[in-house]
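These protein sequence lines are chains W and X, in that order. Counting with UniProt numbering, you get residues 1 to 349 for the letters of the first sequence. Counting with UniProt numbering, you get residues 1 to 331 for the letters of the second sequence.
Note that these hints are calculated values from the structure, not bench results. If you're wondering where the values come from, they're calculated on a predicted model, not measured in any experiment. Where is the CB? At the ideal position from N, CA and C, for every residue including glycine. Some hints could be false.
[To be verified] So the derived label-pair ranges between C-beta atoms look like this:
(1) X/111 x W/130: 37 to 43 Å
(2) W/207 x X/191: 52 to 58 Å
(3) W/52 x X/300: 21 to 27 Å
(4) W/51 x X/206: 27 to 33 Å
(5) W/178 x X/232: 41 to 47 Å
(6) W/47 x X/151: 51 to 57 Å
(7) W/60 x X/232: 37 to 43 Å
(8) X/300 x W/51: 26 to 32 Å
(9) W/335 x X/327: 52 to 58 Å
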Amino acid sequence: MPKTVAERSAVGTPRRSAASRTALLLISSAIVLATTAVVGIGLGSNPIPPARVIEALVAYDPGNNDHLVVVLSRLPRIALGAIVGAALGVAGTLMQSVTRNPLADPGILGVNAGASFAVVIAIAFLGITDVRGYIWFSFVGAAAAAALVYLLGSSRGNAGTPVRIALAGTAVTIVIGALTQMVLLSNDAAFNSFRFWAIGSLQGRDFGVALTVLPFVAVGIALSLALISPLNAITLGDDVATALGTSTLGARIGAAVAVVLLAGAATAAAGPIGFIGLGAAHIARFFTGNEHRRLLPAALLLGATLLVVADTLGRVIVAPAELQTGVAAALFGGPLFVALVRSRKVAAL
Amino acid sequence: MARRLPTLAALAAAALLLAGCSPAASDSAPGDSGPAESTGDWPRTIEHAAGTTTIEEQPLRIVSVAPSITGGLLSLEAPIVATGAAPVTPLSDENGFFTQWADVAIDRGVEVAYKDLELDIDAVDQFEPDLIIGSANGGDSTADAYDQLSEIAPTVLLDYGDATWQELTEQIAEITGLESKATEVLAEYDEWVVGQAKKIKLPPQPTTALVYMGPEGSWPFDPASPQAMLLSSLGFDYQPPREEFLTEGQGGRVGILTSENAPDGLADAETIMIVAMLGGDPVAEFAKDPLLKNLPALTSDNVYTMGAQAFRLDYYSAKLTVELIVDTFSG
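Okay, chain X solo, but in the shape it has when bound (with noise of 0.2 Å):
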């Protein structure tokens, strides 16, 4: 049993990371600090996950020790000059940046801190970081190595489980004094979504999202999770599935349908969305699930991917999404 044990605990990272995905709320909410102040006051105090700290002036040279937070970093143009990298999965590119993001990582000439989320102590101080950004939860928590980390340099660890992209993107504006391209960056993204929405010709609705993963059953997205906020800005009628067939997930934002619960617990979806978590063509994959041969979305063929990069959102893998359903339901 002993053996086995790593590969629960990893599966319960990728539920984690899962739950963990920061989600894509309309309404962004900005904190006290208010985007006026831009690049003044320093230094500042910043109340975060693992504690306080204080930042003396703005950084300069910063070091993410979570991945899942890279692309919000990249989305501010904040000074990031390395990152710790992800295992090699469908959802990252060589360096193990994921796909949503590697290529503008690889143009700012970010470099990997270490590999596959084993973070690295000695690699992160040899960049000689002014602020290190890391995780408190999800896959890649550095929260263990909180005050390892805080030895070379300020550091700060968010809680992306539990905010939306967008909320997410202003906590890291306020760390690194970049409001204003903050609040730039989410009004260029809300006002590009709403006219991407009027481009769709939506499928038989209420729609549900989920991750396929075979013989374990669905993973259906709740309403408030990412995915089907995603959805729902797009004029979606997002739908859940019927709770009395239901288990919790890991998280609050996933839950678990058996193999057995799938086809009763999917019976009113019209349309199903499915997040290639795994890679490969998710579609295929559950149009071949005997169990599932009778659900309305497979029977009246409306079952579409929303991609890999749909797994965890952030600035770039939002727009990957939203473009790729434009794609599958314009015109």
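The following block holds chain W by itself, in its conformation from the complex (with noise of 0.2 Å):
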């Protein structure tokens, strides 16, 4: 088997550097996520003795309200955690590499405006209030709005640059927020049904909703790990890329479609949540290099720990009230991007 476009321009590049940083990445991450998990299920606006948190685990008894809110609360929202930021983690790496903007992330570029505004459509004007008959929606609006963003920062000749196309998703997200407001303003039932769900939060979902959406996620994930190949080879330039053979357009349509697929779904389930994906993204890109193949599990595994870490400290720093994990993925996400901002690697893409 011919060795890939990124393989071959490694040669001389210190990728057991890069190889074993990803290995420290990966199975930190994963320490991180496994530790925050158990914390998780033990903590939260209800002090819930420890004790009773195993046996919740061990011996369900439907009639304790201590196990209801272990295994019907934070159980699926700790699943729902992982999954949501895992696709949000993986679709803001497919956007930053395909556009070759450091800046992209579905918040950002305005997929997540998009399906945000469908579903209040979805709400307003069709009175659907479930996750599974929204999540459609979701899925139109976040391809409206990615498409719009991409002719809009492309509309003269094929200049597509990165700042254009963050220029065009920060013009659509404002105008499709206002739009949203507006629908939400003139309709207070969909205001109410629609505000929590728009702050972005894992609460209240139970496992139904987690089950909904894991298949489209899972699909968007294999397809982006089918574009590995070509998304190395676009990361080399659009020119070398084509002279090595890359159809560009295919792997830029794959990677619209699972992005599309991997926002929609994570919006579906748990509303906008900014800086997720932005974050995963460059904190993985840090550690790995822009090699794919490590990229993409790394920004995976990333993203589902910095949701679940956020959610986690949502909901245990302020008890017993709770910050929804939108705000708290702002809250925490909002110094690394500050972080991200002040650093060179930015740039590096």
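Assembly of the complex is requested from the two constituent chains, each provided in isolation within its own frame, with the hints serving as guidance.
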């Protein structure tokens, strides 16, 4: 089997170092995720003693309130957090790679806003209030917004530069956000259904929600993994990639489908959650470099870890109140974003 | 994040409105002027939440820039020509009038000054008011526009977040010179409630009242809230949630139990009354919550709705709420 472009291009670079750093990242991230998951099952706005938590897991009694909280609230919340975080991490990485734009992320490029708007339409005008019902709207909204941003960002010729795409994404996000607010303000019943979802939350979602979005996320991830070679080629620039026989258009379409599946499913399940896609992709890239064979699994695991950690912190630090997941992600993601902006690594794409 | 701020702001506004709804106390406390003065003594100087205002003559054309106060004006048969309207919600009719007084307002020809709580100074001016009444807090606050409103007509802003609806009624009476009407209205209400309480066969006690917010948990009312006081006036034994599970809400009269804390926080309540702030069937929604299924009030089937109108209590909504409760528990 011939070597991939990236493998060939990587000759002379410290591959072992990147591989070992990737392994280090994957192992430490998995440990943090597992630890947080265990801690997250034990901690929350309601202080349940550790012995009772274990009892809930090994001898579940539906007549016990603490058992209900552990099994019906905390477990599905962590599972969904991991799924949504993984989806956002991979989606963010794909968008950055395909657009070669270090600022790309489903939140910044308008994809979450598009998905949100479509869900608002579903709630306000069609009376749909269930994730299973509005996931399809979420996909359509995500796809439409992504297409719109791409068209606006590359309207004159094919100059879809990172800055133009980011500007287009910001503009589309603002406009769609305003439309969303307009629909909500004129329809208070929808506003009330939408409000909690819109802030981004993993609370009140049962295992059914996780199972609903899991197949879409799985297909999105599988598609991403199938695109590893072309993504590596695109990293070298479109001209080089084309010269090497890569169909850049085909790769971009495939990546777009994957992003819509991943971001659409994540947004339908938990509302628009920012920073996770951006942060996971950048931290992963910092450790793994631009080789997607390492980058994508790292971003997947990091996304899951970041979201589960943010959500758990949000539940614990203000107990007996709770920070909503989207707020917690933004709160902890904000400083990360500043650190990224200050880092020279951001421009390394 | 920025685009989510309006959402958070709206949530905060809703919470403030909830916290600020006017309470139902049985101990009405007349002001210094007393009811005997009736319509005499003009001009009069009113101290209020935004300052001091002198009203030269008894007002004949009042514009309310706070829908939360409009009900109080209507209950005194004050000469109100127009009101600002709230967004259309389960709590309001198609004009944005709160359902509890919408019919009375329409009967008296009260016009919509502006919609969706978006204060329109020019529209207020066009009604040529000789008095403007608004609120200094809550979702319909016009405190920022006090100076502009004062240029149109004498303007009084009330703090309805910290007063029972009876106290608010007395304040409005003093401003409009309708003291004797207020005395009459409040006495009639008190007497009526005593009669209604006798018709009720109480469910198992104690009782907790709350707004159910789904994944956001429950917002239980404080014993000093108008909703709790209304229940107490009907003979209910009001029980606040267990303190250690409760978080302070935005206002002093409603707290927050997170979804995780609601099962323990509400474990003492034998009966739960739900204010249908979000419309729909709050009892069914509450019963569907898997975390709450062991609550004594649910297992014994003693969860009831207080209706949507109980969200914001004034003379009209207090009566409707009492009627609903009597209807639920009589016989």
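Mind listing which of the numbered hints don't hold for this structure, in increasing order?
As far as the earlier hints go, not one is violated by this structure.
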